[in-house]
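Chemist: Sequence positions in the sequence shown follow the numbering used here and run 243 to 367.
Keep in mind that the hints were calculated from the coordinates and are not lab data.
A hint or two may mislead.
Computed list of lysine-lysine pairs in DSS-like fashion (alpha-carbon distance at most 30 Å, straight line) [what the hints assert, rightly or not]:
hint	residue 1	residue 2
1	Lys321	Lys269
2	Lys321	Lys305
3	Lys321	Lys248
4	Lys274	Lys321
5	Lys273	Lys255
6	Lys269	Lys255
7	Lys305	Lys274
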Amino acid sequence: MYCDLKSVHRGVKRLSTQMHDRYRTEKKMAKKLRHEELCLNGQEFDITAMDSAVRENRSENSKMIKLITGLSREFIELKNQNRRAEELSRWEAWVRGRIPNHLRFQEEPFIHTAPVLRADNPYVM
243 MYCDLKSVHR GVKRLSTQMH DRYRTEKKMA KKLRHEELCL NGQEFDITAM DSAVRENRSE
303 NSKMIKLITG LSREFIELKN QNRRAEELSR WEAWVRGRIP NHLRFQEEPF IHTAPVLRAD
363 NPYVM
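Start from the sequences, fold in the hints, and give me the full structure.
Modeler: Okay, structure coming up:
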């Protein structure tokens with residue numbers, strides 16, 4: 243299977259930047275919400291709200307890390323497949339160059355086939 247590594251790499255980079263932008267946006271929104279909650283509560287520090295926000299950010303971060311790791315692993319696998327395909331192509335070209343011309347394009351000998359008489363034909367005995 244031949245894959246275009248540049249397009250795969252572009253796709254991985256694009257997904258990575260999109261995930262990073264999403265992560266930053268969600269982090270900013272969570273920070274604003276926490277700040278608004280603290281202001282509404284009238285307390286300067288609400289430990290439970292901060293703790294839940296930290297847990298939420300950690301879980302989201304771990305999900306993104308798993309996704310990036312999976313994409314990276316897939317990219318490396320595709321790169322290795324492409325490298326193996328290129329090696330095979332070079333090897334095939336080398337082998338073709340080593341075969342003498344008189345052996346390269348031999349055709350199969352013609353085999354004459356006689357028509358077979360069918361058993362359902364009333365004229366066949």
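Chemist: Hint check: Lys274 vs Lys321, CA-CA at most 30 Å. Holds or violated?
Modeler: 42 Å, violated
Chemist: Taking 30 Å as the top limit, are the C-alpha atoms of Lys305 and Lys274 close enough?
Modeler: Distance ~22 Å between Lys305 and Lys274 Cα, so the pair holds.
Chemist: For Lys321 and Lys248, compute the direct alpha-carbon distance and say whether it is at most 30 Å.
Modeler: Satisfied, since the Cα-Cα distance of roughly 10 Å is no more than 30 Å.
Chemist: Would you check the hint for Lys321 and Lys305, treating anything up to 30 Å between C-alpha atoms as holding?
Modeler: Holds, because 24 Å separates the two Cα atoms, which is no more than 30 Å.
Chemist: Does Lys269 pair with Lys255 here, judged by a C-alpha cut-off of 30 Å?
Modeler: 21 Å, holds
Chemist: Does the structure keep Lys321 and Lys269 at a Cα separation of 30 Å or less?
Modeler: This hinted pair is violated, its Cα atoms lying about 33 Å apart.
Chemist: What's the verdict on Lys273 and Lys255, does the C-alpha distance respect the 30 Å limit or exceed it?
Modeler: With a Cα-Cα distance of about 27 Å, the restraint between Lys273 and Lys255 holds, given a limit of 30 Å.
Consistency with the previously given hints fails for numbers 1 and 4, ordered from lowest to highest.
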